[in-house]
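Residue-level listing of the chains:
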Amino acid sequence: QKEVEQDPGPLSVPEGAIVSLNCTYSNSAFQYFMWYRQYSRKGPELLMYTYSSGNKEDGRFTAQVDKSSKYISLFIRDSQPSDSATYLCAMREYSSASKIIFGSGTRLSIRP
Amino acid sequence: KAGVTQTPRYLIKTRGQQVTLSCSPISGHRSVSWYQQTPGQGLQFLFEYFSETQRNKGNFPGRFSGRQFSNSRSEMNVSTLELGDSALYLCASSLVGDEQYFGPGTRLTVT
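If you read the sequences in order, they're chains A and B.
Residue numbers are given in the numbering used here: position 40 of the first sequence equals residue 40, and the series is strictly consecutive.
Convert by adding 1000 to the 1-based position in the second sequence; the result is the number in the numbering used here.
One should not assume that every hint holds.
Sample of chain B residues at the chain A side, in silico, Cβ under 7 Å [to be verified]:
no.: 1; residue: P1039
no.: 2; residue: G1042
no.: 3; residue: L1043
Derived EDC-like pairs: lysine to aspartate or glutamate, alpha-carbon spacing no greater than 16 Å straight-line [stated by the list, open to error]:
no.: 4; chain 1: A; residue 1: K99; chain 2: B; residue 2: E1099
no.: 5; chain 1: A; residue 1: K99; chain 2: B; residue 2: D1098
no.: 6; chain 1: A; residue 1: K56; chain 2: A; residue 2: D66
no.: 7; chain 1: B; residue 1: K1013; chain 2: B; residue 2: E1082
no.: 8; chain 1: A; residue 1: K70; chain 2: A; residue 2: E15
no.: 9; chain 1: A; residue 1: K67; chain 2: A; residue 2: E93
Read the hints as simulated data drawn from the structure, not as lab findings.
Being a predicted model, the structure only gives us computed values, none of them experimental.
The C-beta atom is built at its ideal place from N, Cα and C for all residues, glycine as well.
Using the sequences provided together with the hints, build the complete structure.
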C-alpha cells in the first residue's frame, strides 16, 4: 500500500463548477500537507501549505485536512479553464529533515 | 526574487553515457531536493542535500548521485545511462526542508 493515495483522474468539469480533489494517507505521523499544481511540461507550483487539521483558504482555493480520517482535500471554486492541470498532494512528518511524499497526481480539465 | 533554475532544460544522451544536471536554488535556500518524474511512476524522490550534506535518499541505484556546493547550488549525476532513465528531472529548493519550490526541470532523453 502506498503511503499517499490519490485518484489519477482524469477529472473533467464545466467552467464555474466547484472542484474537489482528494488524497488519503496511511502515516499518522504526517503533519504538514501541501498541494501543488503542475501544468504540462512545467515544474510543480506550490499552491497551499497547511499544518494541522482544519481549513485554509486562499482566493478560490481551500485546503482541508482531516487528520482523524487521514484525508485531505483541495477545493477550487468558480473553476476556470486556466485551472486545467495536474494537481499533486504532498505531505511530510514534523521534522523539516523528513522526506516529502507526493501523491501520483490528479489530472483536471475545465471545459469552457 | 529569482526562482529555481535548472540547466540544461533539454538533453539527449546515448545509453551508457553519463550526464550531469545543475540546479541553482532560490537565494537563501539551503535545502535542495531532486526528483525524477515519469508518466508511469509519477514524482519519485531521489535525494536531498542540506548545507552540503546528503540528508535523505530515495530508492535509486548508485548510478544516481549528487552533491551540493557551499553556495547551495547542486548537481546530480547519472552514470551508465539506461533507456529507463528518460524522464523529467526536477529540482526543488526550500529554506530548511519545508515548503519546496520547484524549478522547470531538465528533460532527459536516452536513446
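Right, here's what the structure says about each hint:
For P1039 (chain B), the suggested interface contact is broken, since its CB lies about 10 Å from the closest CB of chain A, more than 7 Å. Interface restraint check for G1042 (chain B): the shortest CB-CB distance to chain A comes to about 4 Å, inside 7 Å, so the restraint holds. Here the hint on L1043 (chain B) is kept, as its CB sits about 5 Å from the closest CB of chain A, short of 7 Å. Between the alpha carbons of K99 (chain A) and E1099 (chain B) the distance comes to roughly 12 Å, so the proposed pair stays at or under 16 Å and holds.
With a C-alpha separation of about 10 Å, the suggested pair K99 (chain A) and D1098 (chain B) falls inside the 16 Å cut-off, and the hint holds. For the proposed pair K56 (chain A) and D66 (chain A), the alpha carbon gap of about 12 Å is at most 16 Å, so the pair holds. For the suggested pair K1013 (chain B) and E1082 (chain B), the alpha carbons sit about 10 Å apart, so the restraint of at most 16 Å is met. Proposed proximity of K70 (chain A) and E15 (chain A) is contradicted: the alpha carbons are some 30 Å apart, above 16 Å.
For the suggested pair K67 (chain A) and E93 (chain A), the alpha carbons sit about 13 Å apart, so the restraint of at most 16 Å is met.
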